[in-house]
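**Student:** Listed here are the chains, written in short residue letters.
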Amino acid sequence: MTENHFADAGLHVSDLLPAYLNGALSHAEAVEVEAHVADCDACRRELAGWRAIASAAQFSMDRIERSPDIGTAQKRRSRGHGKRFVGKDVIVKSTIAVQDESRSSEGKPPQTKGSLLKH
Amino acid sequence: MREASLQAAEHSGELIERIAAGDHDALQELYESHRAPLLGYLRVLTSDFGLAEEILQDVLFAAWNGADRFSGESSARAWLYGIARRRARDAMRKRRIQFVDLASIEHVPAGDPEPDDVALVNAGIEELADAIDRLSTVHREALILTFVHGLSYQELADVVGVPVGTVKSRLSNAKRALGKLLKKSDEADR
Numbered sequence: 028m029t030e031n032h033f034a035d036a037g038l039h040v041s042d043l044l045p046a047y048l049n050g051a052l053s054h055a056e057a058v059e060v061e062a063h064v065a066d067c068d069a070c071r072r073e074l075a076g077w078r079a080i081a082s083a084a085q086f087s088m089d090r091i092e093r094s095p096d097i098g099t100a101q102k103r104r105s106r107g108h109g110k111r112f113v114g115k116d117v118i119v120k121s122t123i124a125v126q127d128e129s130r131s132s133e134g135k136p137p138q139t140k141g142s143l144l145k146h
Numbered sequence: 003m004r005e006a007s008l009q010a011a012e013h014s015g016e017l018i019e020r021i022a023a024g025d026h027d028a029l030q031e032l033y034e035s036h037r038a039p040l041l042g043y044l045r046v047l048t049s050d051f052g053l054a055e056e057i058l059q060d061v062l063f064a065a066w067n068g069a070d071r072f073s074g075e076s077s078a079r080a081w082l083y084g085i086a087r088r089r090a091r092d093a094m095r096k097r098r099i100q101f102v103d104l105a106s107i108e109h110v111p112a113g114d115p116e117p118d119d120v121a122l123v124n125a126g127i128e129e130l131a132d133a134i135d136r137l138s139t140v141h142r143e144a145l146i147l148t149f150v151h152g153l154s155y156q157e158l159a160d161v162v163g164v165p166v167g168t169v170k171s172r173l174s175n176a177k178r179a180l181g182k183l184l185k186k187s188d189e190a191d192r
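These protein sequence lines map, in sequence, to chains A and B. Note that this note's numbering has the first sequence beginning at 28, numbered continuously upward. Note that this note's numbering has the second sequence beginning at 3, numbered continuously upward.
There could be a bad hint or two in this list.
[To be verified] Chain B side only, calculated, beta carbon under 10 Å to chain A, not exhaustive:
#1 101
#2 118
#3 128
#4 164
#5 173
#6 180
#7 181
#8 182
#9 188
Derived by calculation from the structure, the hints in this document are not laboratory data. C-beta: ideal position from N, C-alpha, C; glycine also.
Please put together the full structure from these sequences, using the hints given.
**Tutor:** Put into structure tokens, the structure is as follows:
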């Protein structure tokens with residue numbers, strides 16, 4: 028049987044519930060949360076509340092993504108604000124071109140994998 | 003889910019190392035794997051598709067330029083989201099658009115009741131999503147990054163630039179604010 032450290036310490040697991048729902052807890056932590064929630068009405072109610080919020084957050088995001096607001100993007104382009112609003116391939120290539128030019132003009136030596144973690 | 007998320011994080015970290023070494027394909031790959039979630043996040047922050055697209059391109063420039071400064075202390079994903087957040091803040095300031103309503107974030111009036119979880123559960127998903135859309139940007143951001151993008155508390159803290167304890171209280175305050183909005187809406191319907 029799993030030890031329930033939270034219950035033993037007289038603690039609730041409120042702080043951990045969002046992380047439990049999004050899968051950010053370690054397996055051991057998740058097991059402890061489940062054991063606590065099984066015995067604690069208050070935390071079980073709270074978990075249900077968070078679960079409703081999690082579903083609604085996804086619903087809200089899906090709704091945002093489904094409404095592309097193309098009008099705004101087109102307006103910006105026609106006003107000249109969206110000059111860089113182009114296809115993804117062009118974005119990446121232009122980023123590379125501009126930055127390669129700037130790296131070489133600054134005489135910046137190419138970065139190496141080995142130097143990456145020294146900063 | 004956690005294992006998959008850790009593997010994805012590790013892969014993104016490798017991509018950033020390759021970008022720092024000037025690998026163009028790595029930049030393309032980073033862009034393709036993070037474009038949709040970053041754009042979604044930027045749209046939450048800006049409420050403007052065109053502006054979000056522009057900022058996303060700035061993020062790509064910044065990632066290419068700053069990959070050699072990625073220390074690995076935060077996750078690669080948190081690093082990218084952090085760049086996106088700072089770029090959004092700068093772009094919105096330039097356009098004199100309010101970025102976050104800081105005054106309303108951390109301060110919770112004394113005596114505010116604990117959120118009514120039963121009301122949250124009983125609300126329809128659409129009603130609850132409408133309430134999320136009406137939250138302050140920082141509260142909405144905390145909920146979306148946690149539940150849609152799956153960021154850990156530490157990652158969220160790195161993105162937003164606050165301690166983990168503040169992230170926890172921000173989530174809790176967001177839940178409380180949702181409870182209040184539902185109650186108001188319920189009273190208005192009577």
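**Student:** Indicate, hint by hint, whether the structure satisfies it.
**Tutor:** Hint check results:
no.	hint	result
1	101	violated (18 Å)
2	118	holds (8 Å)
3	128	holds (7 Å)
4	164	violated (15 Å)
5	173	holds (5 Å)
6	180	holds (7 Å)
7	181	holds (8 Å)
8	182	violated (13 Å)
9	188	violated (15 Å)
Violated hints, listed in ascending order, are 1, 4, 8 and 9; each of the other numbered hints is respected by the structure.
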